[in-house]
Amino acid sequence: MAALLQVEGIELAYGDVAACRDISFTVNEGEIVTLVGSNGAGKSTTLRGVAGAMRPRRGRILFRGNDVTRMRSHERLLAGIALVPEGRKVFPFLSVRENLEMGGFRYRGDKARVNSLIERMMDTFPRLRERSAQRAGTLSGGEQQMLALCRALMSEPVLLCMDEPSLGLAPIIVQEIFRSIRDVNRAGTSVLLVEQNARYALETASRGYVLQTGSIIAEGSCEALKHDERVKEAYLGRS
Amino acid sequence: MSDFLALILQQSINGIYLGCLYVLVALGLTLIYGVMNQINFAHADFVTVGAFAAFFSATRLFTKWMGMSDGTGYVLSIFMALAAGALLGLLVNAAVFAPLRNRSDELRPLIATIGVSVLLENAQLILFGPIPFQFDSPFAQNTIRFGKIFFSEQSVLVVIVAALAIGGLYSFMKFTFLGKALRAVSQDRETAGLMGINENFLIALTIVIASALAGMAGALLGPVIVLTPFAGASVIVKAFAIVIIGGFGNMEGTIIAGILVGIIEAFTVQYLGSGVIDLVVFVLLLFMLVVKPTGLIAERREENV
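Going down the list, the sequences are from chains A and B. This note's numbering puts the first sequence at residues 1 to 239. This note's numbering puts the second sequence at residues 240 to 544.
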């Protein structure tokens, strides 16, 4: 199976401080892959590198066989990579509907397509329809997360990157979000999931990589990782 | 109609006319700040360039050389000023803002705009000299009268042109994909990029729109200010005050604050004399800074976690 996303030895830095060193991993077509690790391990930075919000200092990123390392984030979106950023980052002063429209910015010439996509999102999450005219900043955290997810899906991505979708949300809402992620994946979108809550992540994904202080220290199927001593000790707690 | 009511109406109309002029200047400042977090200190000179572009096209190009009537010439000169402003914006973006962006340094572009200002003022000083030009609008002498209320055709023209420009900009920002994307960029530039929005293009567009508005304001202000290479300075301080009162970076706030300051100025002239206008405006500014420092409408990056 050809790799959809192939990250080869990237190094990402904030100023002079390297946040990730020599990160390599792959995402295959149709997979859910997760990067787990504690706070500050460099997961979000890696994801930002994949989505183009940060440019790597070293290494390269191949997407569907093309080198996208030098592409800026808006070009990567057109290539098929969408990111749901950490902290959701909905546009607080745009309405819910306008947020979705921004997600579909690439289809701006095709109003009918944007509208039908919005309808589809609102059918999946009726709450968004109820609040369609409301400013996104006034939504609850869970609603914002759903909006951010739908906004990313508006571009009909090939690879959906999710950064800490459970952050600050109630468990019941987290379950709903993860259910949606699985639905999205079943519909054919590959998912790269960064999550601090390793238990949820390993249950949702098929393969995983474990990051620690900017490097990958373990990788494998999620079943195997769940039983890996290092992972158990550090992230799952003994049960 | 009682004299008092007529007076109130008269000064309100004068105030709206003044306010429209201020709003056109202030909107450019607020747009650029909203989208880039930058203050363009050359904005006043964009107004001056617009005024000169309008002056030469109204008094020479369209009338003397192309043989149009004074009225048509002046109306067309407003578009010339608009085009001159837009072109200048394009140049300044390419020469200053674009190369200095993404260095995570907000001071450098700011200082560079001061440089642009010095450059523009001195270039115009060489070209046009320090002696004020007499820029008469053909509409200034014709007055329209309703009972006890008078206003010039010029002020009607100003209000119509400003209303079209402001209304056009407002609908652009509210109803078009590109306008919404502009607001998205101003709320969160990085996330806008993740939506497939090319923020560099939108920033360039913002600067062009802001500069075109400044140029247009120059054409409308030309006949009422002392037209020298430093003419823009006479309105820019008030424009800054309006931007702060309205809430830095907020379009609706700027429009409301601009009209408000215009009306306050008109009544100040009536009751306190024209000498204290700046005093009153800046007392209002101080008052706002004390009472509501975020401005009339606060729409800046608030926490939304």
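Honestly, the hints are just simulated from the structure, not real lab data. Keep in mind that a hint or two might mislead.
[Unchecked claim] Derived DEER-like restraints, expressed as beta-carbon distance ranges:
no.	chain 1	residue 1	chain 2	residue 2	range
1	B	A337	A	Q212	51 to 59 Å
2	B	G368	A	L78	47 to 55 Å
3	A	L62	B	I399	52 to 60 Å
4	B	V357	A	D183	30 to 38 Å
5	B	P369	A	T138	49 to 57 Å
[Claimed, not checked] Quick look at which bits of chain B chain A covers, simulated, 3 or more residues with Cβ under 8 Å:
no.	stretch
6	270-282
7	291-299
8	523-529
Cβ coordinates follow ideal geometry from the N, Cα and C atoms, glycine included.
query: Out of the numbered hints, which ones does the structure contradict?
result: 1, 4, 6, 7 and 8
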